[in-house]
Amino acid sequence: MALEPIPPLGSDPLANRRRLRAVDGASSGVARDEEQLMAAVARGDQAAFGELYDRVGGTVHGVVRKVVRDPSQSEEVTQEVMTEVWRTAVRFDPDKGSVRTWILTMAHRRAIDRVRSEQSSRDRTERVGHRDQVRPFDEVAEEVEVRFEHGQVRDALSSLTGLQREAVELAYYQGYTYREVSELLDTPLGTIKTRMRDGLIRLRDAMGVTT
Amino acid sequence: MTDRPDIHTLTGAYAVDALPDDERDVFEHHLMVCDACAQEVAELQATAALLGAASYEAPPPGLRDRVMAEIDGIRQERPVGVADASDELGAQRGRTSRFRADWVTNLAVAAAAVLIVAVAGLSVTIANLNADLNERAAQAEAASQVADVLAAADVTVVSVEGPEGGLGRIVASPTRGEAVFVADDMAQAPHEHTYELWVIDEQGATPAGLFDTDDRGRATRIVTGDFANAAAIGVTVEPAGGSPEPTTEPVMVFELG
Numbered sequence: 001m002a003l004e005p006i007p008p009l010g011s012d013p014l015a016n017r018r019r020l021r022a023v024d025g026a027s028s029g030v031a032r033d034e035e036q037l038m039a040a041v042a043r044g045d046q047a048a049f050g051e052l053y054d055r056v057g058g059t060v061h062g063v064v065r066k067v068v069r070d071p072s073q074s075e076e077v078t079q080e081v082m083t084e085v086w087r088t089a090v091r092f093d094p095d096k097g098s099v100r101t102w103i104l105t106m107a108h109r110r111a112i113d114r115v116r117s118e119q120s121s122r123d124r125t126e127r128v129g130h131r132d133q134v135r136p137f138d139e140v141a142e143e144v145e146v147r148f149e150h151g152q153v154r155d156a157l158s159s160l161t162g163l164q165r166e167a168v169e170l171a172y173y174q175g176y177t178y179r180e181v182s183e184l185l186d187t188p189l190g191t192i193k194t195r196m197r198d199g200l201i202r203l204r205d206a207m208g209v210t211t
Numbered sequence: 212m213t214d215r216p217d218i219h220t221l222t223g224a225y226a227v228d229a230l231p232d233d234e235r236d237v238f239e240h241h242l243m244v245c246d247a248c249a250q251e252v253a254e255l256q257a258t259a260a261l262l263g264a265a266s267y268e269a270p271p272p273g274l275r276d277r278v279m280a281e282i283d284g285i286r287q288e289r290p291v292g293v294a295d296a297s298d299e300l301g302a303q304r305g306r307t308s309r310f311r312a313d314w315v316t317n318l319a320v321a322a323a324a325v326l327i328v329a330v331a332g333l334s335v336t337i338a339n340l341n342a343d344l345n346e347r348a349a350q351a352e353a354a355s356q357v358a359d360v361l362a363a364a365d366v367t368v369v370s371v372e373g374p375e376g377g378l379g380r381i382v383a384s385p386t387r388g389e390a391v392f393v394a395d396d397m398a399q400a401p402h403e404h405t406y407e408l409w410v411i412d413e414q415g416a417t418p419a420g421l422f423d424t425d426d427r428g429r430a431t432r433i434v435t436g437d438f439a440n441a442a443a444i445g446v447t448v449e450p451a452g453g454s455p456e457p458t459t460e461p462v463m464v465f466e467l468g
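Which chain is which? The protein sequence lines are Y and R, in order. Using the numbering used here, read the first sequence as starting at 1 and increasing by one per residue. Using the numbering used here, read the second sequence as starting at 212 and increasing by one per residue.
If you're looking for bench data, these hints aren't it; they were derived computationally from the structure. Predicted, not measured: the structure shown is a model, and the values here were computed from it. Ideal placement from N, C-alpha and C gives every residue a C-beta, glycine not left out. Mixed in with the good hints there might be a few duds.
[Unchecked claim] A partial selection of chain Y residues facing chain R, derived with a Cβ cut-off under 7 Å:
id: 1; residue: Thr59
id: 2; residue: Gln79
id: 3; residue: Met196
[Stated by the list, open to error] What the simulated footprint calls covered on chain R by chain Y, stretch by stretch (three residues with Cβ under 8 Å from a Cβ of chain Y suffice, anywhere in the stretch; the number is not a length):
id: 4; region: 226-240
id: 5; region: 248-258
id: 6; region: 278-288
id: 7; region: 431-443
[What the hints assert, rightly or not] Ranges of calculated distance between the beta carbons of each label pair, as one might list FRET restraints:
id: 8; chain 1: Y; residue 1: Thr161; chain 2: R; residue 2: Pro271; range: 36 to 46 Å
id: 9; chain 1: Y; residue 1: Arg116; chain 2: R; residue 2: Pro290; range: 23 to 33 Å
id: 10; chain 1: Y; residue 1: Ala47; chain 2: R; residue 2: Leu421; range: 50 to 60 Å
id: 11; chain 1: R; residue 1: Asp232; chain 2: Y; residue 2: Thr161; range: 20 to 30 Å
id: 12; chain 1: R; residue 1: Thr458; chain 2: Y; residue 2: Pro188; range: 37 to 47 Å
id: 13; chain 1: Y; residue 1: Ser159; chain 2: R; residue 2: Pro401; range: 54 to 64 Å
id: 14; chain 1: Y; residue 1: Ser158; chain 2: R; residue 2: Pro385; range: 37 to 47 Å
id: 15; chain 1: Y; residue 1: Glu84; chain 2: R; residue 2: Glu375; range: 45 to 55 Å
id: 16; chain 1: R; residue 1: Ala398; chain 2: Y; residue 2: Gly162; range: 34 to 44 Å
id: 17; chain 1: R; residue 1: Glu372; chain 2: Y; residue 2: Gln119; range: 19 to 29 Å
id: 18; chain 1: R; residue 1: Thr458; chain 2: Y; residue 2: Ser117; range: 33 to 43 Å
Whenever a hint applies, use it, and build me the whole structure from the sequences.
This is the structure we're talking about:
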């Protein structure tokens, strides 16, 4: 049975909420199904893996593309992530979070690792030093806002202070280290670390995330 | 400013993958022994995944077929608990907090007393077990200090490869005057020997603590002593119990900026 890929967040708030609930692993039918799929994948069921790919592949690729940007490299990373899901499926523990959290955490980390290995630390320092080469923050924020229109995530993001939001978004969507974010925003390192944490905590509470 | 920062501060940067590689590795050491941080990281990663969940983009056509073909040739990992029970036990011990580790040690001592009565021949094994548990407790304490140092605003990390593979790192905060040594994949010291840390300045080498690596080649050790004027931190292999002065060539030397 082929499943439709999950569409991007659209203008239907109810549909958006349903999807977001599925993501955070609350007791929705979708999340239960994905757990069952993962259990089957861990037992070597390739058909179950195909179904899982159809469910999460588009979101994995979306996260990877945001961070890596280059289309052909993004494709490689998405492939790496999905094969890693297959190889390490037995490590997934439903007590520690949802299937999507597990896979998207892996996808983001792989994407970040790819970006870091592509650019020597010197390149990145130079890049940080020249703000004009950096994609303007407003552009990213706008893109994110369009995606989240009417969505729960957008509401949650708008509850952050400007600095919390910039720190979280520059790290998550652009893949900067906290040191680079500190340079970009001309704000002390300790403050950036703190804003990343309290920004995420506020998002967590606003969206009712539990594990 | 951030003289005594909250050690939990790094959970946020970790959850969005914003820690540089070195600091990320060291923080992961800390996560193995700090349940509070591990729980918070799990929640913040779930939150970050929600940010990612909005980033849908249809994968390129043909990718599904390539992935399906690739996994057909990939052997999956086996369940850890079944494949290697001792590994699992090690992971559980590693996760205990310092308080619980003490408690575990006390229980182990009581259990040891019973067992010695029952099977006298096992006493040597049990003594080794107790030594191991005490070591774990010390490591848990060191790990929380590691997190303190890591959370400092001016943390620096110096990495050096060992002679037979493995990686050593010094994580230092000049403002706090503290440094931590962290090892990965480092061979255990030879029989009846130990590793010793040295603070090296113009006066020479001063003992700065002993350590040995666990069965996975890991170690975490606070560097003791005053290294405000130190030029380097060194590691040597010494006879068990350590030496007042280095008796061998260093296996690692960390030059401090």
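Structure-based check of all given hints:
With its C-beta approaching chain R no nearer than about 5 Å, Thr59 of chain Y sits inside the 7 Å limit, and its interface hint holds. At about 6 Å, the closest approach between the beta carbon of Gln79 of chain Y and any beta carbon in chain R falls short of 7 Å, and the interface hint on this residue holds. The closest approach between the C-beta of Met196 of chain Y and any C-beta of chain R is roughly 4 Å, which is under the 7 Å cut-off, so the hint is satisfied. Residue count for the region 226-240 of chain R with a Cβ under 8 Å from a Cβ of chain Y: 7. That meets the three needed, and the coverage hint holds.
Counting residues of the region 248-258 of chain R whose beta carbon lies closer than 8 Å to any beta carbon of chain Y gives 7, which reaches the threshold of three, so the coverage claim holds. Proximity of the region 278-288 of chain R to chain Y, defined as three or more residues with a beta carbon under 8 Å from a beta carbon of that chain, is established by the 9 residues found. By the rule of at least three residues with a Cβ nearer than 8 Å to a Cβ of chain Y, the coverage given for the region 431-443 of chain R is violated, with 0 such residues. At roughly 38 Å, the beta carbons of Thr161 of chain Y and Pro271 of chain R sit within the given window of 36 to 46 Å.
Separation of Arg116 of chain Y from Pro290 of chain R is about 31 Å and conforms to the stated range, judged on CB atoms against 23 to 33 Å. In this structure the hint that Ala47 of chain Y and Leu421 of chain R lie 50 to 60 Å apart at CB holds, the actual value being about 55 Å. The given range of 20 to 30 Å is respected by Asp232 of chain R and Thr161 of chain Y, whose C-beta atoms sit roughly 29 Å from each other. A hinted range of 37 to 47 Å holds for the C-beta pair Thr458 of chain R and Pro188 of chain Y, which are about 44 Å apart.
In this structure the supplied range 54 to 64 Å holds for Ser159 of chain Y paired with Pro401 of chain R, their Cβ-Cβ distance being about 58 Å. Taken as a hint, the range 37 to 47 Å holds for the pair Ser158 of chain Y and Pro385 of chain R, whose Cβ atoms sit roughly 40 Å apart. Between Glu84 of chain Y and Glu375 of chain R the CB atoms are about 29 Å apart, so this pair departs from the stated range of 45 to 55 Å. Range check, Ala398 of chain R to Gly162 of chain Y: Cβ separation about 50 Å, and the 34 to 44 Å hint is violated.
The hint said 19 to 29 Å for the Cβ distance between Glu372 of chain R and Gln119 of chain Y, and at roughly 23 Å that hint holds. The beta-carbon spacing between Thr458 of chain R and Ser117 of chain Y, approximately 41 Å, falls within the hinted interval of 33 to 43 Å.
Violated hints, listed in ascending order, are 7, 15 and 16; each of the other numbered hints is respected by the structure.
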